[in-house]
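Number of protein chains: 2
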Amino acid sequence: MAAGEGDLKLLGLLVSPFVVRVRMALSMKGVSYEYIEQDIFNKGELLVRYNPVHKKVPVLIHNGKPVCESLAILEYIDDIWGASVLPADPYERAIARFWANYIDDKMFPSWIGLLKAETEEEKAEKVNQTLAVLMHLEDAFTQCSNGKAFFGGDSVGYLDLALGSNLFWFEALRELFGVAFIDEGRTPLLASWAERFGEAASVKEMVPSVDKALEHAKKFRAFFAAAAAAAK
Amino acid sequence: MAAGEGDLKLLGLLVSPFVVRVRMALSMKGVSYEYIEQDIFNKGELLVRYNPVHKKVPVLIHNGKPVCESLAILEYIDDIWGASVLPADPYERAIARFWANYIDDKMFPSWIGLLKAETEEEKAEKVNQTLAVLMHLEDAFTQCSNGKAFFGGDSVGYLDLALGSNLFWFEALRELFGVAFIDEGRTPLLASWAERFGEAASVKEMVPSVDKALEHAKKFRAFFAAAAAAAK
Numbered sequence: 142m143a144a145g146e147g148d149l150k151l152l153g154l155l156v157s158p159f160v161v162r163v164r165m166a167l168s169m170k171g172v173s174y175e176y177i178e179q180d181i182f183n184k185g186e187l188l189v190r191y192n193p194v195h196k197k198v199p200v201l202i203h204n205g206k207p208v209c210e211s212l213a214i215l216e217y218i219d220d221i222w223g224a225s226v227l228p229a230d231p232y233e234r235a236i237a238r239f240w241a242n243y244i245d246d247k248m249f250p251s252w253i254g255l256l257k258a259e260t261e262e263e264k265a266e267k268v269n270q271t272l273a274v275l276m277h278l279e280d281a282f283t284q285c286s287n288g289k290a291f292f293g294g295d296s297v298g299y300l301d302l303a304l305g306s307n308l309f310w311f312e313a314l315r316e317l318f319g320v321a322f323i324d325e326g327r328t329p330l331l332a333s334w335a336e337r338f339g340e341a342a343s344v345k346e347m348v349p350s351v352d353k354a355l356e357h358a359k360k361f362r363a364f365f366a367a368a369a370a371a372a373k
Numbered sequence: 142m143a144a145g146e147g148d149l150k151l152l153g154l155l156v157s158p159f160v161v162r163v164r165m166a167l168s169m170k171g172v173s174y175e176y177i178e179q180d181i182f183n184k185g186e187l188l189v190r191y192n193p194v195h196k197k198v199p200v201l202i203h204n205g206k207p208v209c210e211s212l213a214i215l216e217y218i219d220d221i222w223g224a225s226v227l228p229a230d231p232y233e234r235a236i237a238r239f240w241a242n243y244i245d246d247k248m249f250p251s252w253i254g255l256l257k258a259e260t261e262e263e264k265a266e267k268v269n270q271t272l273a274v275l276m277h278l279e280d281a282f283t284q285c286s287n288g289k290a291f292f293g294g295d296s297v298g299y300l301d302l303a304l305g306s307n308l309f310w311f312e313a314l315r316e317l318f319g320v321a322f323i324d325e326g327r328t329p330l331l332a333s334w335a336e337r338f339g340e341a342a343s344v345k346e347m348v349p350s351v352d353k354a355l356e357h358a359k360k361f362r363a364f365f366a367a368a369a370a371a372a373k
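Just so you know, the sequences run in chain order V and D.
Just so it is clear: in the first sequence, position 17 is 158 by this note's numbering, and no numbers are missing.
Just so it is clear: in the second sequence, position 229 is 370 by this note's numbering, and no numbers are missing.
Hints in this document: simulated from the structure, not taken from any laboratory.
Treat the numbers as computed from the prediction; the structure is a model and nothing was measured.
The reader is advised that the hints may include incorrect statements.
You can't tell identical chains apart in this list, so a pair holds if it fits in one copy or across any two.
Claimed, not checked - Pairs of lysine-lysine, DSS-like flavour, derived with a Cα cap of 30 Å:
1. K289 - K206
2. K196 - K289
3. K184 - K359
4. K197 - K247
5. K264 - K247
6. K360 - K247
7. K206 - K345
8. K247 - K257
9. K197 - K264
10. K196 - K170
11. K360 - K257
12. K197 - K373
13. K359 - K247
14. K196 - K373
Looking at chain V on its own, in the form it has when it is part of the complex (with noise of 0.2 Å):
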C-alpha cells in the first residue's frame, strides 16, 4: 500500500480555524476522507480515544492511526501526499513555521480572548492585543511573500492556511465587537492578501459561513459565561 492510501477520517469542528486550514491542505491536494463532526463543549468517545492528551480538534485518522495539532497536521499530509504547502527553502520553512506558531500561540489567543472577556476594559484589552499581534503579521507578509501574492508566493502556502482560516472569524468579530481587524489603513497588505486568500479556488469551499461563525460564537460566549460564574 502506497504511503497516502487507506482510510481517513478527520475528527473536527466546521468553525474551528484548526480545523479549517487542515481541510483546506486536504482539498488542495485532492485528498478525499471522512469528515465526522464533534460536539467540543460534550466531548464523545471517539475525540477522547484519538486524542486522550488535549482532547481536541482536528484529529487526523489515517489507517487507524491519529495525528494531533493541527501544524503537525498540514506537515504530515505535505510528507504523505506531497505538493508541498511548506516552502521549499529550509531557512523559508523555517520562517513560516516561526509565524505559524506565532499565529497560534499570540494571535488565536487574543481573539478568542475577547469572545470570553467578560467586562469591556477586558475586551478593550483583547482587541488592542489583536490589533497589535495583526500588526506583526503585516510585517510578516513583507518578509515572506517576497512581493508576491501570497506568505507563499504566487500560491496558497503553510501560512496562508495558517492565517486565513481565522479570516471569517475576523468577519464574525466585526459584527459582533464593531472592529475592523484586518483593515485598510492599518494593515493595507494584510487587507489585499486577505481578499486574494478569499477567492483563492483551492481554498474557498471550505471556508464557514460567518453565520456559522455568529452561531458558534454565542454557544461558546453562553458555555464560557457558565464556567465563570461555576467557578466564582
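With chain V's structure known, arrange chain D on it following the hints.
Frame of chain V, contents of chain D only:
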C-alpha cells in the same frame, strides 16, 4: 557556497533548556559556531535586533539571517546539516512533533511556574501539574521508543533533545523543593531513559551543571518577586 557553510552564531543563555537542545544538536552534527551569551534580565541590542517579536533565546544566526524558536531551529539544523534527529518515518515524525510541543506548551510552563510560585498553595499546584505532565511523557516513551533505548530509537533524537534538555533543571528542582520529578517508582521508563541520556557521549558535554541552574534560579526568583511586588 554549500547550504551549511558560512558564518554561524548562536545567541543563548547557558541554563535555558531551549538553548541547550540547540547546542546538543549542533554538537551531535559537529557543527562549529560562535556562542554569544545573553543577559535575559536586561536584554541587549543583539537579541532585540535578531528576535524583535519575542526577544527570546535561542536565536541561530546563519550568514546574518536569524532563525528563532528552538524547535524550528532543530528542524532547520536537520535541513541544513543533515544526519536528521527527526524520525525518517512521517507518522513517527508527526508523533515526535506532537510530544515536543507538549513539552514546551505544558511541561515547561509547569516547572518554571514552580520557580515563580509565591505561596505554598501555588507551589503544590505546580508540583502536581509537573508530575501529571511527566506521567503523560512516561506513556510517550512507550509510544515512541518501540522498546529501544531512546525516544528516537537506538540513538538520541529530536524528542530526546526536547525533553533531555530539561533534565538538569529537574535535579535543581529536587534540591530546591525536595521533589524527585523523574523517579523510578512513578516514572520508571523515564528514570532509566534519563540515565542513558545523561551518559550519551554526543550530548553530555552540553549539559550545564546543577549549580549553574541553582544560581540562575536564585536570580530568576528575585526578578519575578520584584516584578510581582511592583505589580501590586
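Cross-check of the supplied hints:
no., hint, verdict
1, K289 - K206, "between (38 Å within a copy, 21 Å between copies)"
2, K196 - K289, "between (38 Å within a copy, 28 Å between copies)"
3, K184 - K359, "within (18 Å within a copy, 43 Å between copies)"
4, K197 - K247, "both (18 Å within a copy, 15 Å between copies)"
5, K264 - K247, "both (16 Å within a copy, 26 Å between copies)"
6, K360 - K247, "both (23 Å within a copy, 27 Å between copies)"
7, K206 - K345, "within (29 Å within a copy, 35 Å between copies)"
8, K247 - K257, "both (16 Å within a copy, 22 Å between copies)"
9, K197 - K264, "both (26 Å within a copy, 28 Å between copies)"
10, K196 - K170, "within (27 Å within a copy, 37 Å between copies)"
11, K360 - K257, "within (11 Å within a copy, 35 Å between copies)"
12, K197 - K373, "within (26 Å within a copy, 36 Å between copies)"
13, K359 - K247, "both (23 Å within a copy, 29 Å between copies)"
14, K196 - K373, "within (25 Å within a copy, 36 Å between copies)"
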